[in-house]
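Note that the protein sequences, when read in sequence, are chains A and B. Note that my numbering gives residue 28 to position 28 of the first sequence, counting from 1, and the numbers run on in steps of one. Note that my numbering gives residue 104 to position 104 of the second sequence, counting from 1, and the numbers run on in steps of one.
Note that these hints are calculated values from the structure, not bench results. Treat the numbers as computed from the prediction; the structure is a model and nothing was measured. Keep in mind that the hints are not guaranteed to be accurate.
As the list claims (entries may be wrong) - Here are the simulated DSSO-like cross-link-like pairs (lysine-lysine), alpha carbons at most 30 Å apart as the crow flies:
(1) B/LYS351 x A/LYS2
(2) B/LYS313 x B/LYS136
(3) B/LYS136 x B/LYS351
(4) A/LYS2 x B/LYS271
(5) A/LYS2 x B/LYS136
Here are the chains, one letter per residue:
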Amino acid sequence: MKDEIRQVVREHGHLSVDIDSLGDGDDLYQAGMTSHASVNVMIALEDTFDIEFLDSMLKRSVFESVSSISAALSEIGVPA
Amino acid sequence: MSATVAPADRDLLTTIRRIADDVAAANAVDVDRNARFPQEAVDALRQERALSALIPTSLGGEGASFEAIAAACFELGRRCGATAMVFAMHQIQIACMTRHLDESPWFEEYLREVVAEQRLVASITSEVGTGGDMGKSVAALSAPENGSVSFEKQAPTVSYGDYADAFLTTVRRGPDAEPGDQVLVLSRRDQMQMEPQGTWDPMGMRGTCSPGYVASAQIPVEQILTTPFSQISAETMTPVSHILWSHVWLAIATDAFDRARAFVKAAAKRKPGEPLPAAIRLSELMSELSLLRAEVSLALSEFCDASENHRAKLSQMATILRFNNLKIAASEQAPRVCQGAMGVCGIVGYKNDTPFSVGRHLRDSMSACLMVANERIHTTDASLLLIAKEV
């Protein structure tokens with residue numbers, strides 16, 4: 001799952017660095033992802049994993065790292 | 001307000017109403033005409049310790065509720081929009097510090113100082129080169145050296161910049177930080193250089209005295225709030241700003257409506273029993289005012305409920321949309337009500353020197369759509385609407 005998350009962030013996160021240089025716990029916002037880009041990441045994640053995030057998950061802290069995104073996806077039933 | 005009003009809230013509102021009626025109202029025309037700071041009203045607020053009303057009693061403050069602060073903005077705004085806006089902006093800064101100081105001894109001590117000395121705090125959030133996006137900064141803190149950092153920021157507007165005792169400023173966390181990686185820092189006036197840029201001769205809200213500045217400061221690292229600004233913004237600065245500003249705009253619209261009502265009543269007394277077209281227009285205007293009042297009042301109760309019971313909800317996109325929409329709706333509806341009041345009063349509303357004058361109200365309310373431009377907020381909301389579920 002983390003590889004797919006990384007692929008989505010690579011395509012939509014508009015990071016100022018290569019995502020391969022970041023660890024799973026590194027802060028994507030500090031790596032240049034804007035609020036606007038993060039929305040595109042969310043939409044692409046919903047599409048890729050065919051899920052819908054709950055409103056309670058749609059906040060900055062949930063999308064701040066590959067790990068936190070992975071935890072949220074697990075919570076709504078995406079298998080690791 | 002609920003049926004059981006806490007003593008601190010009751011005392012604050014009694015005091016605020018007196019200051020609004022006796023001091024703010026008496027100077028409102030002069031403040032507006034001369035685009036001067038409402039010094040008398042702010043002095044009176046200091047005298048009555050209203051600048052520390054929101055600070056908890058554990059830090060020496062009066063411990064008034066946020067609802068009471070919002071009501072105070074409304075009471076002041078009915079008499080002088082600029083006084084109310086200065087009061088509101090100060091309370092926004094206090095709210096950011098009290099809710100996010102994270103047990104920092106320095107900030108606790110500073111808030112005690114606000115109580116003791118009735119310090120007036122302003123903010124430096126807007127910046128040249130960010131396209132009006134408060135979530136981005138160009139200015140950055142320098143790398144710490146001997147425990148202190150510095151910054152220089154080009155601010156297109158700093159409200160009451162010449163009159164504030166201290167400033168809360170958004171800056172990037174460090175020289176290499178991304179534009180959105182911001183922190184909030186407090187600097188005292190004696191730690192700053194404020195170089196004025198340009199003049200201040202605007203259409204409305206003239207008493208807020210908000211020209212541009214190049215602001216620079218050198219401060220100890222203790223004066224940086226450790227909570228990231230993105231969190232402070234979502235949980236406090238944005239919703240609190242939108243709620244308190246909206247109370248000020250509602251107040252301005254309410255006073256314009258009251259003047260229109262007084263005009264209609266005077267006309268009815270002159271010609272008892274005769275049909276009065278202005279009375280119908282007044283009735284139509286009341287429904288416009290009611291819409292504004294309902295939106296503002298609901299947003300306040302939703303914020304207070306979230307703050308007390310589930311603060312994390314304030315960071316959710318659906319909630320961010322909700323308080324963004326409050327700002328857009330209130331800032332568009334308030335001038336609509338003021339213009340309607342002018343329509344009711346006719347020429348005596350248009351003239352600046354009658355008891356029914358609403359020109360100042362109309363001009364003051366027109367500032368609302370610019371305080372964080374509605375266009376900018378629509379851009380954000382358009383993006384959030386693509387993903388949020390229940391809005």
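Tested hints:
1. B/LYS351 x A/LYS2: Cα-Cα ~67 Å, so violated.
2. B/LYS313 x B/LYS136: holds (23 Å)
3. B/LYS136 x B/LYS351: The given pair, whose Cα atoms are some 43 Å apart, is violated under the 30 Å limit.
4. A/LYS2 x B/LYS271: With a Cα-Cα distance of about 79 Å, the restraint between A/LYS2 and B/LYS271 is violated, given a limit of 30 Å.
5. A/LYS2 x B/LYS136: Status holds; Cα separation ~29 Å.
Of the numbered hints given earlier, the model fails hints 1, 3, 4; all others are met.
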